[in-house]
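Trainee: Here's the letter readout for the chains.
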Amino acid sequence: MAGRSAGYADAVAAVARAEGNLDTVSDELFRVARALEGSDELRMALSDRQIPAARRQQIVEDLLGGRACDTTTAIVSMIVAAGRSSDLAGIAREAVEINARDRGRSVAEVRTAVALTEEQSGRLSAALSAAAGHQVEVKLIVDPGVMGGVVATIGDEVIDGSVRHRLSQLRDAF
Amino acid sequence: MITRLLAAASLVLAAVTLSASAAGAVGETVGSCIFEELEQASFAGIDGEGFDAVKNLKTAYKNEEGDAEDLKKDFEGELEDCVEAPTAILPELTEIVWGGAAFVVLLALMSWKLFPTVKNLMEQRTQRIQDAIDDADRQRSEATEVKARYEAELADAKTEAARIVDEAREQAAAVRADLQARAEADIADMRERASADVEASKRQAVADLQSEVSDIALGAAEAVLGRSLQDPEVQRQLVDDYIARVGSGRD
Numbered sequence: 660m661a662g663r664s665a666g667y668a669d670a671v672a673a674v675a676r677a678e679g680n681l682d683t684v685s686d687e688l689f690r691v692a693r694a695l696e697g698s699d700e701l702r703m704a705l706s707d708r709q710i711p712a713a714r715r716q717q718i719v720e721d722l723l724g725g726r727a728c729d730t731t732t733a734i735v736s737m738i739v740a741a742g743r744s745s746d747l748a749g750i751a752r753e754a755v756e757i758n759a760r761d762r763g764r765s766v767a768e769v770r771t772a773v774a775l776t777e778e779q780s781g782r783l784s785a786a787l788s789a790a791a792g793h794q795v796e797v798k799l800i801v802d803p804g805v806m807g808g809v810v811a812t813i814g815d816e817v818i819d820g821s822v823r824h825r826l827s828q829l830r831d832a833f
Numbered sequence: 094m095i096t097r098l099l100a101a102a103s104l105v106l107a108a109v110t111l112s113a114s115a116a117g118a119v120g121e122t123v124g125s126c127i128f129e130e131l132e133q134a135s136f137a138g139i140d141g142e143g144f145d146a147v148k149n150l151k152t153a154y155k156n157e158e159g160d161a162e163d164l165k166k167d168f169e170g171e172l173e174d175c176v177e178a179p180t181a182i183l184p185e186l187t188e189i190v191w192g193g194a195a196f197v198v199l200l201a202l203m204s205w206k207l208f209p210t211v212k213n214l215m216e217q218r219t220q221r222i223q224d225a226i227d228d229a230d231r232q233r234s235e236a237t238e239v240k241a242r243y244e245a246e247l248a249d250a251k252t253e254a255a256r257i258v259d260e261a262r263e264q265a266a267a268v269r270a271d272l273q274a275r276a277e278a279d280i281a282d283m284r285e286r287a288s289a290d291v292e293a294s295k296r297q298a299v300a301d302l303q304s305e306v307s308d309i310a311l312g313a314a315e316a317v318l319g320r321s322l323q324d325p326e327v328q329r330q331l332v333d334d335y336i337a338r339v340g341s342g343r344d
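If you read the sequences in order, they're chains B and P. For the first sequence, position 143 (counting from the first letter as 1) is numbered 802 according to our numbering, and the numbering increases by one without interruption. For the second sequence, position 182 (counting from the first letter as 1) is numbered 275 according to our numbering, and the numbering increases by one without interruption.
For reference, chain B alone in the conformation it holds in the complex (with noise of 0.2 Å):
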């Protein structure tokens, strides 16, 4: 699965390359891979081979028409064709880290209850680069399922400070 997703961001890597929007790409990607993990419903559609494949096509267009460029549109379209939108959210992370590698960075991915303010986005990433003793690249995600305060992960280390964690914690405890 992750050699088939890796597969899929190296292609899609290389296209937005020669488009020379990689960076946009891969973080318009990466927001509609956040899109889809919150809509069971719009997950289920694209996922679904009993719709005909233009007709998800036409789904993912009237979506993201307009919304994002043409290439990002063109890339999801094309990934809900071939009947991966299940692998939708891997490709967009590997794109995302490839980008971060192309410019020296690694990727965190935060999750936060409520949305940051570009102050604190700014901050987070920040800290977290010193943590990390590199310069990191943050992709915010709210989820409120963290409850409160943050989740960061850097590659295969997750710094957790969610309320969520806490209270997971304190149920372990007892």
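Simulated from the structure, these hints should not be mistaken for laboratory data. Please read all numbers here as calculations on a predicted model, not as lab measurements. Be a bit skeptical, because a hint or two may be false.
Residues of chain B clear of chain P, computed beta-carbon distances all greater than 12 Å [unchecked claim]:
# : residue
1 : 663
2 : 664
3 : 673
4 : 721
5 : 819
Computed footprint of chain B on chain P; a stretch qualifies when at least three of its residues, placed anywhere within it, have a C-beta under 8 Å from a C-beta of chain B [as the list claims (entries may be wrong)]:
# : stretch
6 : 292-306
7 : 325-336
Beta carbons: idealized from backbone N, C-alpha and C, even for Gly.
Based on these hints, arrange chain P on the given structure of chain B.
Mentor: Relative to chain B, chain P alone:
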């Protein structure tokens, strides 16, 4: 043989003596004796002799004269003597001769035919008895042997039975001991398991209670937190705390 002859002679003599009668005495018959008494009869006080005297005595007796009745009784006694033998010990000579001859002939016949036959019969009988005695002795000997053998077998059987009973008793004791040991082991195991079950149930109950208490406490904490987390300032503070902690390298 002599004893046998003497016995036979005594037997014949006794037979001849006891069979003597008036008819055989002094060589005359009863009738001639009576006739002679009538012919020679004479009575005191009665006239005549012989048959006339008898008629006159009859007439005097009917007329109940003098001692006619006594005379008549005496004469009847004399007539009755004709019927009796002259002696009970010594018979007439002719009878002895005939009897002796008959005895000799009878003895000869018996010696010729009867005695050997009787002897053979007696010998056969003796032999049969002896055979029977021998057979009985043999059978008794065999029976004794059989009895001894049976007694020996019985003794062996009793010994074997006693051995089997002892063996069975030992086996029963072993089985009983084994069963008792197993039962005790089972009881100990059951007690141990019951104790473990009780301990596990107790632990589970305590864990359930702790879980329930923690759920209640955590539920209360979450409820309080939920209300607090709705405050944007609280959320901002949580993020700032996280940033400060990560930036300081405490995480």
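Trainee: With reference to the structure, classify each hint as holding or not holding.
Mentor: Okay, the hints, checked on the actual structure:
1. 663: holds, 34 Å
2. 664: holds, 29 Å
3. 673: At about 35 Å from chain P, residue 673(B) clears the 12 Å cut-off, so the statement holds.
4. 721: Check passes; 34 Å lies beyond 12 Å.
5. 819: With a cut-off of 12 Å, residue 819(B) comes too close to chain P, as the shortest Cβ separation is near 9 Å.
6. 292-306: With 3 residues close enough to chain B, the hint holds.
7. 325-336: holds (count 10)
This entry does not satisfy hint 5, going by the numbered hints stated previously; all others are met.
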